[in-house]
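Listed in order, the protein sequences are those of chains A and B.
The numbering of the first sequence is the UniProt record's numbering, which starts it at 1 and goes up by one.
The numbering of the second sequence is the UniProt record's numbering, which starts it at 1 and goes up by one.
Check the hints yourself; a few may be wrong.
Pairwise CB distance ranges, derived in the manner of DEER restraints [as the list claims (entries may be wrong)]: (1) B:GLY125 to A:PRO175: 27 to 37 Å; (2) A:VAL263 to B:LEU221: 15 to 25 Å; (3) B:ALA299 to A:ARG125: 15 to 25 Å; (4) A:GLY35 to B:PHE21: 35 to 45 Å; (5) A:GLY35 to B:ILE157: 28 to 38 Å; (6) A:MET283 to B:ARG7: 27 to 37 Å; (7) A:PRO202 to B:ARG7: 33 to 43 Å; (8) A:VAL253 to B:ARG7: 54 to 64 Å; (9) B:LEU178 to A:THR53: 36 to 46 Å.
These aren't lab readings, by the way, just hints derived from the structure by calculation.
Heads up, the beta-carbon is just placed ideally off N, CA and C, and yes, glycines get one too.
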Amino acid sequence: MSTEATPQQDPQSTVAKKPRRRLLTTTGVGLVMVGLTVLIAVLSPWLTPYSATATNAHIALMGPSAEHWLGTDQYGRDVLTRTLEGGRYALLVAFLSTTIAVVIGTLIGAVAAYAEGWLDEIISRVMDAVLSVPAVLAMLLIVTVFGQGLWVIVLAVAVVYVPAVARVVRGAARPVANSGYVTAARARGERGLPIIIREILPNVRDTVMVEFAMRASWVILLVSTLSFLGFGANPPTPDWGLMVEENRTALTVAPLGTVAPIVSLAILVVGVNLAADGLAKRMGVDRAARAAG
Amino acid sequence: MATFILRRLLTGLVTLLIASFLVYFATAALPGDVAQQLLGQDATEEAVAAMREELGIEQSVWLGYLSWLGGIITGDFGTSLVSQEPVSEIVFGAFGNTLLIAVPAILIGVVLSVLLGVIAAVRRGRAADSGISVGTLVAMSIPEFVIATLLVLIFAIALPVFPAVVLSGSEATLGELLPAIWLPIITLVLAMAAYIVRATRSSTIDMMAGEFARTAELKGLRRRQVLTRHVVPNALLPVLPVIAINIAWLMGGVVVVESIFNYPGMGALMIESVSTRDLPVLQAIAIITAVVYVLANLAADLLSMIIDPRQRRTSGTVSAKTTEEAA
Chain A
1 MSTEATPQQD PQSTVAKKPR RRLLTTTGVG LVMVGLTVLI AVLSPWLTPY SATATNAHIA
61 LMGPSAEHWL GTDQYGRDVL TRTLEGGRYA LLVAFLSTTI AVVIGTLIGA VAAYAEGWLD
121 EIISRVMDAV LSVPAVLAML LIVTVFGQGL WVIVLAVAVV YVPAVARVVR GAARPVANSG
181 YVTAARARGE RGLPIIIREI LPNVRDTVMV EFAMRASWVI LLVSTLSFLG FGANPPTPDW
241 GLMVEENRTA LTVAPLGTVA PIVSLAILVV GVNLAADGLA KRMGVDRAAR AAG
Chain B
1 MATFILRRLL TGLVTLLIAS FLVYFATAAL PGDVAQQLLG QDATEEAVAA MREELGIEQS
61 VWLGYLSWLG GIITGDFGTS LVSQEPVSEI VFGAFGNTLL IAVPAILIGV VLSVLLGVIA
121 AVRRGRAADS GISVGTLVAM SIPEFVIATL LVLIFAIALP VFPAVVLSGS EATLGELLPA
181 IWLPIITLVL AMAAYIVRAT RSSTIDMMAG EFARTAELKG LRRRQVLTRH VVPNALLPVL
241 PVIAINIAWL MGGVVVVESI FNYPGMGALM IESVSTRDLP VLQAIAIITA VVYVLANLAA
301 DLLSMIIDPR QRRTSGTVSA KTTEEAA
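Sequences and hints are given; from them, build the entire structure.
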């Protein structure tokens, strides 16, 4: 399927210039949103005078005030402090597991595309089987057995998303694997692995970059969902998903405790998605058609 | 055509077989002693031995897998470690309740998403398109638990139209469940819509630029007729796999939605079984969702053969290609 940028809609002159500048800003806005979130998460301990975990029953569930701009939660913890620090866990896990998933998935996808035949068939069936259990369910299964340590979550999330990445990369690498220069390399007597590394991988780089951005948004959502369900970040860690779960019972009394983490999470993921959209358009990868991966 | 259907059925079965293998070995053949893990550090040795027997891991892992698989084929998923009741009874009861929110959500979600996608494509670049784009961007950026929490805030607390939770738990009757299904359904619809809308929009735009749409227009058909008779049916083909995968994902969304609304379905059962470490129940749920995934994909393939006569003749090559590309 082609991209939606069909030249016949607009006069040639504007096609060449205008969309490019606009797309740059889409990616730019997205990256700024993500960058700010990361910056705040890193600097958070120095941004407010309060501790994110110290409790104080005397000031539980207070509204916004000069001391506590976003009020306090049921344990008297400062909501602003917890919200500023609340992205750390999700960002760390998302960064690590997305990187692992994309690296492994890309390799598997490239090997499958190059190998064809029975190896390709086996890889495809196994990937399909992993995909057939929804991410949340697979995570719950793994957490039940292995516990919810940081590295368990990181690796489990990576494993859950490897098949999707592999599938997409395989699709993009297929035409490359059948191209003249790969045949030429094979004729020169080069072996499989060097061909995959030198000829195939550089040519699917755009796809892989878009894939990273796209998976990152899903991984952040998955990690937050896990924390919300009580199987991700452990209390009293400040984490947006966990905060929503802790504070939603007091939704009517102190709504900011729930709304603040929701808004922060939305800003981060909208930012990642904008960046992914911008990248996809600029590199001519049709993101919408890939949603099935 | 028959060969193609047969081949797809076989691939589906192989996928299920591998999935069952992964599920069993991820849970039952772990490094370390599952029975010990399940019971905790201070369990007595007799208790651990009894648990091993219960899980069927006293025998070799392979035999355990085969007898477990054999049980599944005959509809026997084993016995719950917690309630000591047959797993199939517990799980299928909950699955029925889940279908009560999942089926309407799928029907509403698919129709609405395709409609919005076509509208966005037709109104490309105008206000309606921009509005829909922003809407899908937001919808794909917030998780189900946020949608559900906000819906509770709006419709159960601010304007008390719907109940926020089901109070009667797993013994709820249909009459008690009916008023409570609406917020879960809306949540699931919003959660699944975004990607279908996007895929429909992009493929409709592609098709509108196609030669056959131009021909239809030039031979004097009205715009609406060109759209409904020529463009949309063709545009749907690449959207079908997206719909299929979203239906499969819905089973994941169900976990969140049911635990928030305290709805007695399979998702809530899953959360409960995780906290009680009821492995046989978890395994059964994982297998059922894998079956849903395979069936949804199979249905998408068959439907695309019905829509697109080309795929009937070539015994599968065209379809195999389109599904692969879209996936």
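Which numbered hints turn out to be false for this structure? 2
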